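Q: Chain A is already provided as a structure; the job is to place chain B on it using the hints.
Now for the letters of each chain:
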Amino acid sequence: MTEIPHPPARPWRAWLRGVTAAEPAKRVQFDAPLLPWLFLLPQLAVVAVFFYWPSVQAVTSSFYLEDPFGFGATFVGMENYTDALGNAQYRSIAGFTVVFTALVTAFSLGLGLLLAVKADAVIRGNAAYKTLLIAVYAIAPPVAGLIGMMFFDQHIGPFVTLAGWFGWDMKVGLNYTDTAFAMILVSVWKQVPYNFIFFLSGLQAVPVSVREAAVIDCRNGWRRFRTVTLPLLAPTAFFLLIINITYALFDTFGIIDVMVKDKPANNPMTLVYKVYLDGFRGNDVGGSSAQSVILMIVVFALTIAQFRFLERRIHYS
Amino acid sequence: MQKTIFTAGALILAANAAFADATNITWWHGMGGRNEEVINEVAQKFNAAQAACMITPVSKGTYEEALAAGIAAFRSGEQPNILQVFDAGAATIINAPGATIAAEDLLTQAGHSFDREAFIPGVRHFFADASGKFIGMPFNSSAPIMYINTEAFEKAGVQPPKTWEEFEAAAPKLKEAGYIPMTASQLTWQFTENFFSRNNIQFASNANGYDGFEGTTLNVTDPNLLMMFQKLKDWSDAGLYAYYGAGWADNQKPFEEGKVAMWIGSSGSFGGLAKTAVMPFSADFLPYWGSIEGAGTSSFIGGAALFAMSGKPEAENKCSADFFSFLTTTEVQKFYHEATGYVAITTAAYEAAKADGWYDKNPVAEVGIQQLQLPAGEWSKGYRLGFYPQIRSIMEREYNRIFAGETTVEDAFKAIEAEGNELLVRFAKTSG
Chain A
1 MTEIPHPPAR PWRAWLRGVT AAEPAKRVQF DAPLLPWLFL LPQLAVVAVF
51 FYWPSVQAVT SSFYLEDPFG FGATFVGMEN YTDALGNAQY RSIAGFTVVF
101 TALVTAFSLG LGLLLAVKAD AVIRGNAAYK TLLIAVYAIA PPVAGLIGMM
151 FFDQHIGPFV TLAGWFGWDM KVGLNYTDTA FAMILVSVWK QVPYNFIFFL
201 SGLQAVPVSV REAAVIDCRN GWRRFRTVTL PLLAPTAFFL LIINITYALF
251 DTFGIIDVMV KDKPANNPMT LVYKVYLDGF RGNDVGGSSA QSVILMIVVF
301 ALTIAQFRFL ERRIHYS
Chain B
1 MQKTIFTAGA LILAANAAFA DATNITWWHG MGGRNEEVIN EVAQKFNAAQ
51 AACMITPVSK GTYEEALAAG IAAFRSGEQP NILQVFDAGA ATIINAPGAT
101 IAAEDLLTQA GHSFDREAFI PGVRHFFADA SGKFIGMPFN SSAPIMYINT
151 EAFEKAGVQP PKTWEEFEAA APKLKEAGYI PMTASQLTWQ FTENFFSRNN
201 IQFASNANGY DGFEGTTLNV TDPNLLMMFQ KLKDWSDAGL YAYYGAGWAD
251 NQKPFEEGKV AMWIGSSGSF GGLAKTAVMP FSADFLPYWG SIEGAGTSSF
301 IGGAALFAMS GKPEAENKCS ADFFSFLTTT EVQKFYHEAT GYVAITTAAY
351 EAAKADGWYD KNPVAEVGIQ QLQLPAGEWS KGYRLGFYPQ IRSIMEREYN
401 RIFAGETTVE DAFKAIEAEG NELLVRFAKT SG
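Chains A and B, in that order, are what the protein sequence lines are.
At position 146 of the first sequence (counting the first as 1) the number is 146 in our numbering, and the numbers step up by one without a gap.
At position 324 of the second sequence (counting the first as 1) the number is 324 in our numbering, and the numbers step up by one without a gap.
Extracted from the complex, chain A is given alone in its bound form (with noise of 0.2 Å):
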């Protein structure tokens, strides 16, 4: 068995990462130049069909305005997005998505952190401690999403007597600031055990050696942490921090589901949402593929930032 070598060269991969400088051309592995392609076969099929071939419908019918039942389209050009991209509330629901994300990323992140750092530092009976912190990734998101709502119901919920005796008088489902606190606390619960497990296992892949070496260059514990724990922990940062963006954006559509009851009203929502909403409960299915595609946009253009400016500055080893 030959040597593995290493990957092929990614000419777009080098761009997306702001390198320039070209690379040495790799040793060819097979033979026969149809061979890669079979083995890719089942891979490039199962993306076809279920990305790109809806993709390109979305895109088709975001032009049209079109009846429910699929009996007739008149073309409209660009109406559906300047209909979208015109409407106060669909403005004022992507202002909330982009603050939703952000919130959700930030504390499920940094919480997920602190916890792994707490954690590993934790000597005895520190299985118990991993499972409980790891139990809840395995609750489903609409159920997460139910258990949320118990808390936060207005008539039994615990979490807003707790509030009341604050002198918060929390009205989840009815007041816009209740209901997106406790959509965020229960995506954050909901999210946090996964970044766990992955700095908690990029935390135990730091060479004792080095963190031995670090300990004798600097006393100061927090300053070790930044200038050498998290630098070396920066991939597994930079990983979860697209995983999280996508799932503030995608993931939490189950609790949000579940948290407005099939009844929005004034409740915030994110841009997923709102496109089940116009194309599922609405039916309008032009209107709702114009925002799904204003949302691909969207996400794509953060994909190539991501890479390219966050990326370079992190060293894989």
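These are calculated hints, taken from the structure and not from any lab test.
These numbers were taken from a predicted model, which means no experiment stands behind them.
Any given hint could turn out to be false.
As the list claims (entries may be wrong) - Computed cross-link-like contacts, BS3-like style, restricted to lysine-lysine with a CA-CA straight-line distance of at most 25 Å:
1) B:Lys-414 <-> A:Lys-263
2) A:Lys-263 <-> B:Lys-231
3) B:Lys-175 <-> B:Lys-162
4) B:Lys-133 <-> B:Lys-173
5) B:Lys-318 <-> A:Lys-261
6) B:Lys-231 <-> B:Lys-45
7) B:Lys-60 <-> A:Lys-263
A: Leaving out everything else, chain B in the frame of chain A:
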């Protein structure tokens, strides 16, 4: 173990053989819980009553999900024979004439007789076209009614109100007696759509949208409607009315717990309430304004209807027709009405339930039907508005903002009118 499998296999084979000649049809619906069980019972009764057809009901989740699933299936040619569509989705499906076969045509083509007059007046129009032809077959029909905590009214020494003026006079005494005088579960249905029908006021141009989608506009800045919501807001500020958001259950729960004197809910809530309420309760009509001339007319039905989807073989359509015909028989209607609390849709079934003494035992069960049988006004037959589920969402948003103090009643309805009209224009384009 092997024997069990063998027996099970043999049974399945036998069952298949028995139904081998039967034409299979499917029925997608959006009911859960007890209502889903009753649907299964109705289907079993149909399958047992004849041998030519075999119906299979499938729950697709909620009303919205059932409609979305039906549409998606139609687009890929996999539609069920029968689809249940709820009130707010009526325009969506009736506007797509190629998607369905009108219930009346289906029945007459299959050789069944059809008499519009056999249905109680309140259910005749909502799922029919402008000429009164039944497109959907009314199935589970409900009316918004007022549930009364009898203890609360006794303690306060006042009578349950017939009009909102009477409520205004009685509410402070109910509050003094330690109760929240009123909650209501779906303001869009109870205080908007049915406000127009109960007080006989026009809801939208083009005869509430029945005459066509082109140029239809909402009439939600009607001064009477603004007055109703200003009153609700004032009552809410004075502690005479409590609003717990757009969720149905949040507003029903305090009534079940006996904290509220009266709750505006659905006639279909009766079955559930009978199990959950901790105190004795009765019911009466949804109040109206004595000060509005001509008010006090009937409400229109909420709930849902069954639509026969097109593109199915003749034999299956015949079975759908047989099933529709079976549904409207007095026996089945009476069974369904008594098992669920939804109103009986034919006069004969209503009379049968009455003769049976059902309403002597359950007077609350009769309130919805009686309200639907009140004299109809020009505007009490309902509405036919496109993208209506989204218009409802806009209303829910603005109503929340009114009670949170974020907007005034007038601004809220201006916003509903403006955004609602934009949606109606969009809908007119999809049907154009």
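Q: Any hints this thing doesn't respect? Which numbers, in order?
A: 4, 5 and 6
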